[in-house]
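A.B. asks: Protein chains in written order, with this note's numbering: chain A, 1190 to 1803; chain B, 1190 to 1803.
Hints are all accurate, no fakes.
Just so you know, same-sequence chains aren't split out, so a pair can sit in one copy or run between any two.
With a straight-line Cα cutoff of 25 Å, these simulated BS3-like cross-link-like pairs (lysine-lysine) come out:
(1) 1205 x 1451
(2) 1729 x 1765
(3) 1541 x 1355
(4) 1481 x 1495
(5) 1355 x 1539
(6) 1650 x 1254
(7) 1539 x 1477
(8) 1729 x 1767
(9) 1767 x 1736
(10) 1205 x 1192
(11) 1706 x 1736
(12) 1481 x 1228
(13) 1204 x 1276
(14) 1539 x 1500
Just so you know, these hints were derived from the structure itself, not from any lab.
Protein chains: 2
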Amino acid sequence: MEKILDTVKQPNDLKKLTFPQLETLAGELREEVLSVVSKNGGHLSSNLGVVELTLALCRSLDLPKDKLIWDVGHQSYVYKMLTGRRKELERLRHEGGACGFCAPWESEYDFTVSGHSSASLSAAIGAVMANELTGSGGRVCAVIGDGALTGGLAIEAIDHIGHLDKPLLIVLNDNEMSITKNVGGISRMLSKARSGMGYRKVKDKVELALKKLPGVYSATRFVKEHIKYAITTGGAMFESLGVTYLGPVNGHNIKAMEDMFKRALTMDEPVLVHVVTQKGRGYGYAEKAPEKYHGVGPFDVHSGVKECMEKTYSAVFGDTMCALAAEEPRLAVITPSMTLGSGLIGFSRKYKSRFFDVGIAEGHAVTFGAGLAAGGAIPVISVYSSFLQRAYDNVIHDLAIGGLHAVLAIDRAGLVPGDGATHQGVFDVAFLSAIPNVAVLAPSCLEELRKMLIYAVKEHKGPIAVRYPRGGEERSFDNGDFVLGKAKVLRVGMDVTIAAYGSMVSRAMDCADELEKRGIEAEVIDLRSVKPFDTATISKSSAKTGKLVFMEEVVRCGGIGEQLVTNLKLRGRDVKIKLISLPDGFIPHATMSELEADYGFTTRGLLRKIEEIL
Amino acid sequence: MEKILDTVKQPNDLKKLTFPQLETLAGELREEVLSVVSKNGGHLSSNLGVVELTLALCRSLDLPKDKLIWDVGHQSYVYKMLTGRRKELERLRHEGGACGFCAPWESEYDFTVSGHSSASLSAAIGAVMANELTGSGGRVCAVIGDGALTGGLAIEAIDHIGHLDKPLLIVLNDNEMSITKNVGGISRMLSKARSGMGYRKVKDKVELALKKLPGVYSATRFVKEHIKYAITTGGAMFESLGVTYLGPVNGHNIKAMEDMFKRALTMDEPVLVHVVTQKGRGYGYAEKAPEKYHGVGPFDVHSGVKECMEKTYSAVFGDTMCALAAEEPRLAVITPSMTLGSGLIGFSRKYKSRFFDVGIAEGHAVTFGAGLAAGGAIPVISVYSSFLQRAYDNVIHDLAIGGLHAVLAIDRAGLVPGDGATHQGVFDVAFLSAIPNVAVLAPSCLEELRKMLIYAVKEHKGPIAVRYPRGGEERSFDNGDFVLGKAKVLRVGMDVTIAAYGSMVSRAMDCADELEKRGIEAEVIDLRSVKPFDTATISKSSAKTGKLVFMEEVVRCGGIGEQLVTNLKLRGRDVKIKLISLPDGFIPHATMSELEADYGFTTRGLLRKIEEIL
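Here chain A stands alone, though its shape is the one from the complex (with noise of 0.2 Å):
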């Protein structure tokens, strides 16, 4: 039988069905999501509670020509199998799929890129005015998450939107949720709110009980202002800020969002509809556990996720934390909401008093961390690369110039899978070097991390980031201990020096294992410490076998690789030079495998690359 969804081909096509064939509709999607993401891995929970709102919100817009803007795409799955990408969804997150997350160049549907959280908001007043001085007509709408209000940038941008006083749809889409469960004063504002669902009621009761009393009605002339205060208290705050607040509804009720939703685009102000919705809805395992099911591999549906049972980076970061905390009582952890994701479930439990969830808050996860480090602590601030992207100020301003001792904690460094562009951690040797006054380091296998942590901790004074990738580690070696910029010749051999730190090390080790065997003998070296990073030893290895090549898993722009080679010029050193890194462009989303052939970083790869200078 031919599925409703079939039917639709664009979003206005939704207008044309009955609320019943809507909630037919709804369960087909929940069962297209769960394939698309059980098949392919990806984001669970958070798109089986958008189901009903985002068939609200496309029935309540004119799209594409009104604009809907999702913060944080990974919520958009269902959007984007409305908006004609059924077929690009059956290979989610896989090259040549679709994106797990908005991408303006896959569908005119997609206003702006979304792997970021809380700058939807931003965008929107943005799409507001570009209307109004282009004279194009169309209404904006954003869906932002409780979770991505924490973020300064997203109330930076209310604050803006109070000011402009535009039109302007802003849906809050509360799960009361993160990733894992929300934190912060915005989020307990939430619950008041969802708590007293029945406002409206005791409100009329109020202002007829009020007017009973004229004298105090008319000469506190502040109550009536302001009585919708009082009567809004989880709106208090977008109230204050200029921001109509209307709400909660109930977000998998169709027809009572879309009745908010049309009443809120009439009103000539920006409206905030809070809408209340439960993550994994529709899967019994998500709804129980929807933290565990917000981001996933592939899976069985009916037996759900198996635990990894790899040993990864982000364990092991988890793992040091909890030893060194048990011998310093100074040491506290910081994560932006990424407490599972960065291995410290266990640090939380255990902890709780110096585990410190700020939210999605990476600026705040960085400059609190100063203030502890200012005042005594030893803050470990845990965050991946791409989102340490957003307080790069703060570890220059904040960290660096005061040389205070903190520790970076960078997981997702270099290339990582699935997500994309906005995922990649492939700046932060760029942006980090240039930062006087802090250290990086960057381990080759998982007792390398453990090894540098301690350091980080316990030894070094001032800045210190140690950057790992995703996953675990595909070789490990005995580095012995470590020495702050000093590198460790890890295999000698006379033909070509290939010099390489974190992630490439065993690539380096296996290019090596294959020239081995076509009698070339490589030189392998590990910098371990990126920044200071030991020239001298490997100037004193490619002086020995005359070529060097360099390998790195991030943009040589700003990378190590310039930076040797630089140092080697000006020592007047002279050998044959190849460096390796990625190519100055963005990186789409692929499966590592794809990503490691598209680069040319397979062994098979990198060997025809190192060729060129045998």
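The hints should help you fit chain B onto chain A, whose structure is shown.
C.D. replies: This is chain B only, laid out in the frame that chain A set:
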């Protein structure tokens, strides 16, 4: 006669003074602030505004055991005078004199670096938690301006502060301005609060009236619980985030503030005290035009600040924007609260509907620009180099990945006199070069800036940055038309190639003039386009001369020098190379001529380096 100020060796000494003595002291402090700033230049209006506030805080706290954290330390001159730094202030902003911002290396009374806005609250809650972890006592107080509250970082911190619910005193120094007139919903909210200084009385009246209606008062529990929202309109946002709001209080009444601070410090929770101050207080010129006296050069106290007659890069930027706006209706200009400093006063008056001062919110400035661009407008985002660090991910994620056509007009690029480490514009070339899709231009004279802005707005597609220094041009050049990626040979010579960009080009020409006197013919190349840059022209020239000097006014790491050396090496070009750039360290405050002398950027200093390869 001895001043009272002479008797104050440390802040606790203030506790011995009577209120009449404090009034006299306030006058002495104002006089000294005026004397220091008129002699050295610096921030005037904000310091004149916080004299009484500083006295009240120093008396309410036990410094340095308690921590007092100033958000944007440019309001800390009075505090510096009271914490043993009067002598250093005599040479404010000069080498060896006091820093114009808070600087922990200068005094134990300064807790963190504070050159950039909105960071104090994060540092403060960090200090609170550090006290808890280390067991050291002491209370914490942060002073933040209403302007700084528009920075998302501050709201991220308030969200976390509300969540942790620990004692912390936040003083909101509300002077109704950032640097120029404040904008945004937060500003509106505070102005409501200010206008209702008599709220408390009204509250009592209402509560009494409600009590006479027991049915309503008890039945509608929420009225009782949330009545405070109605009576503290201005505090609604803070209260809803879990921070208790007190005030507003007159910021020039020492006793009133002291009473309020002491009360707040006994409360076992985070408390925000709303203090209303007047910028420029006590100096007629500054009271009338506080924004004009925000940051000033040396001036005559009796006649006030004179109009700057020098034609600056900022002025050319503003003029060019006006000219472009006249022919391009889609052009819009955005500033994060830097209308005056960025040369945009004229534009802001002439093109009101296309001018957006978003408050101190650099992240939003860029992402709002992205929204404008995605909607078909042409945004020019005007921002100082060191503040663009705060929008790094916004450039990557919101502009560059989507390849949106937006112009970053980066003022204060390169060395910046007076302000010190926090304000040097020396990282932008490194952090922007690493980002794919972003073009970077650097004009070598005022006319070049005009040409480049026209190119960026009218011809270029995609994100593009134009970076230019503070102040005016040293020399001017006729470079002909601007072509992206093309360098210009400004002067032909056979003996040595000197390549440079931006402000270094005139220095390179000065060097060439000097060399000519010695019979050495230098070829001078102006890069113009920094990304992409023209390796071919430099390669060709240096192949001819055999010697290459490359000069840039940024940190070496990640700069163009390293990229150039690498490009030449990979092309197999072997020439003698000398890189001249800034070292890997933070650059302290000093005058421009002090900086040039210290970093070898005088003609003599540069020649000494050039001679090394001649």
